[in-house]
Amino acid sequence: EAQVTQNPRYLITVTGKKLTVTCSQNMNHEYMSWYRQDPGLGLRQIYYSMNVEVTDKGDVPEGYKVSRKEKRNFPLILESPSPNQTSLYFCASSFSSSRDTQYFGPGTRLTVL
Amino acid sequence: GNSVTQMEGPVTLSEEAFLTINCTYTATGYPSLFWYVQYPGEGLQLLLKATKADDKGSNKGFEATYRKETTSFHLEKGSVQVSDSAVYFCAPSFMNRDDKIIFGKGTRLHILP
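Listed in order, the protein sequences are those of chains A and B.
Read in the working numbering, the first sequence has 43 at position 43, and its numbers run on one by one without any break.
Read in the working numbering, the second sequence has 11 at position 11, and its numbers run on one by one without any break.
Where hints are given, some of them may not hold.
[Unchecked claim] Simulated crosslink set (EDC-like; lysine to aspartate or glutamate; CA at most 20 Å straight-line): (1) B:100 x A:53; (2) B:105 x A:38; (3) B:56 x B:42; (4) B:100 x A:1; (5) B:105 x A:53; (6) A:71 x A:53; (7) B:100 x A:59; (8) A:17 x A:59.
[Stated by the list, open to error] Computed list of chain A residues with no C-beta within reach of chain B, every gap over 10 Å: (9) 2; (10) 11; (11) 17; (12) 27; (13) 41; (14) 55; (15) 69; (16) 70; (17) 72; (18) 75; (19) 85.
[Said to hold, decoys possible] Estimated spans, in silico, between C-beta atoms of each pair: (20) A:80 x B:69: 25 to 33 Å; (21) B:108 x A:26: 29 to 37 Å; (22) A:12 x B:69: 46 to 54 Å; (23) A:2 x B:81: 21 to 29 Å; (24) A:9 x B:54: 19 to 27 Å; (25) A:15 x B:53: 48 to 56 Å; (26) A:13 x B:70: 41 to 49 Å; (27) A:28 x B:54: 26 to 34 Å; (28) A:13 x B:53: 20 to 28 Å; (29) B:54 x A:82: 42 to 50 Å; (30) B:112 x A:54: 41 to 49 Å; (31) B:69 x A:13: 47 to 55 Å.
Think of the hints as simulated: they come from the structure by calculation, not from any bench.
Even for Gly, the Cβ is constructed at its ideal location relative to N, Cα and C.
Pulled out of the complex, with its shape left as it was, chain A reads as follows (with noise of 0.2 Å):
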């Protein structure tokens, strides 16, 4: 079945305590990306990579790092965090680019206190 997975599904936490929460796909995808979801502020881009070895930054990437070293995975670190980023986080890919439909994962409710 063609998927993208996270794990975990859901992460308590304290402050300072790096993470890495992983995302995999098994369609073969090129473009990968990962966001927040905030209520009140929708979906915002943290991180997106076009293929291996390509990240790039989005719309809220600080406090956040990614790495891309093989087509299926695409793993969001957080080195030290912070309450703020408490929050719901997807992971998504699609065949190419951005223009191309995005498959996404289930999430990841994280809590930072």
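With chain A held as given, fit chain B onto it using these hints.
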């Protein structure tokens, strides 16, 4: 710069009512236009799309027409059902140097039986 404005919610309708959710955008070029839907507890999924002027996207009884003159992509459905209750996102994709997609803030739709 590029931007999108989407009708604010929540929108509450009775079953079988007519639905319109407005979406307008500003762009220097001609974006591809998407509507995504998010059902409770799930990630976003594509509802419909249009890639050029006067194209009409349709799916599950929903329709939207790419209006270049008014830079709009309003979502409509003639007779809504309780199962249509969800959050709807308008998302133009601007193929410029940054290859980014911008999501509207989302419109929450409640359908009453």
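Do the hints match the structure? See the list:
1. Simply put, residue 100 of chain B and residue 53 of chain A have alpha-carbon atoms about 18 Å apart, close enough for the 20 Å limit, and the pair holds.
2. Restraint check for residue 105 of chain B and residue 38 of chain A: satisfied, since their Cα atoms lie roughly 9 Å apart, inside the 20 Å limit.
3. Between the alpha carbons of residue 56 of chain B and residue 42 of chain B the distance comes to roughly 26 Å, so the proposed pair goes past 20 Å and is violated.
4. Between the alpha carbons of residue 100 of chain B and residue 1 of chain A the distance comes to roughly 27 Å, so the proposed pair goes past 20 Å and is violated.
5. Our distance criterion of 20 Å between C-alpha atoms is broken by residue 105 of chain B and residue 53 of chain A, whose separation comes to about 30 Å.
6. As the CA atoms of residue 71 of chain A and residue 53 of chain A are separated by approximately 9 Å, the hinted pair is consistent with the 20 Å bound.
7. A hinted pair counts as satisfied when its Cα atoms are at most 20 Å apart, and residue 100 of chain B with residue 59 of chain A qualifies at roughly 9 Å.
8. Between residue 17 of chain A and residue 59 of chain A the alpha-carbon distance is near 24 Å, which puts this suggested pair outside the 20 Å criterion.
9. With 10 Å as the threshold on Cβ separation, the claim that residue 2 of chain A sits away from chain B holds: the shortest Cβ distance comes to roughly 12 Å.
10. Annotated as non-interface, residue 11 of chain A keeps its C-beta farther than 10 Å from every C-beta of chain B; the closest such distance is 16 Å.
11. For residue 17 of chain A, the requirement that its beta carbon stay farther than 10 Å from each beta carbon of chain B is met, with the minimum near 26 Å.
12. No beta-carbon of chain B comes within 10 Å of the beta-carbon of residue 27 of chain A; the shortest separation is about 14 Å.
13. A beta-carbon of chain B is positioned within 10 Å of the beta-carbon of residue 41 of chain A; the least distance is around 7 Å.
14. Look at residue 55 of chain A: its CB is around 12 Å from the nearest CB on chain B, clear of 10 Å, so calling it non-interface holds up.
15. At roughly 20 Å from the closest C-beta of chain B, the C-beta of residue 69 of chain A stays outside 10 Å, upholding its exclusion from the interface.
16. For residue 70 of chain A, the requirement that its beta carbon stay farther than 10 Å from each beta carbon of chain B is met, with the minimum near 20 Å.
17. Even its closest Cβ contact with chain B, about 18 Å, leaves residue 72 of chain A beyond 10 Å, as expected for a residue assigned away from the interface.
18. No beta-carbon of chain B comes within 10 Å of the beta-carbon of residue 75 of chain A; the shortest separation is about 17 Å.
19. For residue 85 of chain A, the shortest C-beta to C-beta distance to chain B comes to about 19 Å, beyond the 10 Å cut-off, and the non-interface label holds.
20. Range check, residue 80 of chain A to residue 69 of chain B: about 49 Å between beta-carbon atoms, so the 25 to 33 Å window is missed.
21. Between residue 108 of chain B and residue 26 of chain A the C-beta distance comes to about 31 Å, which sits within the given range of 29 to 37 Å.
22. At roughly 50 Å, the beta carbons of residue 12 of chain A and residue 69 of chain B sit within the given window of 46 to 54 Å.
23. Taken as a hint, the range 21 to 29 Å holds for the pair residue 2 of chain A and residue 81 of chain B, whose Cβ atoms sit roughly 27 Å apart.
24. Look at residue 9 of chain A against residue 54 of chain B: about 41 Å separates their beta carbons, and that is not inside 19 to 27 Å.
25. Separation of residue 15 of chain A from residue 53 of chain B is about 49 Å and conforms to the stated range, judged on CB atoms against 48 to 56 Å.
26. For the hinted restraint 41 to 49 Å between residue 13 of chain A and residue 70 of chain B, the CB-CB distance of approximately 46 Å keeps it satisfied.
27. Under the hint 26 to 34 Å, the C-beta atoms of residue 28 of chain A and residue 54 of chain B, about 33 Å apart, fit the expected range.
28. For the hinted restraint 20 to 28 Å between residue 13 of chain A and residue 53 of chain B, the CB-CB distance of approximately 47 Å leaves it violated.
29. At roughly 47 Å, the beta-carbon separation of residue 54 of chain B and residue 82 of chain A lies within the given 42 to 50 Å, and the hint holds.
30. Checked against the hint of 41 to 49 Å, the pair residue 112 of chain B and residue 54 of chain A passes, with Cβ atoms roughly 47 Å apart.
31. Against the hinted window of 47 to 55 Å, the Cβ-Cβ separation of residue 69 of chain B and residue 13 of chain A comes to about 50 Å, which satisfies the hint.
Comparing the model with each numbered hint stated earlier shows that hints 3, 4, 5, 8, 13, 20, 24, 28 do not hold.
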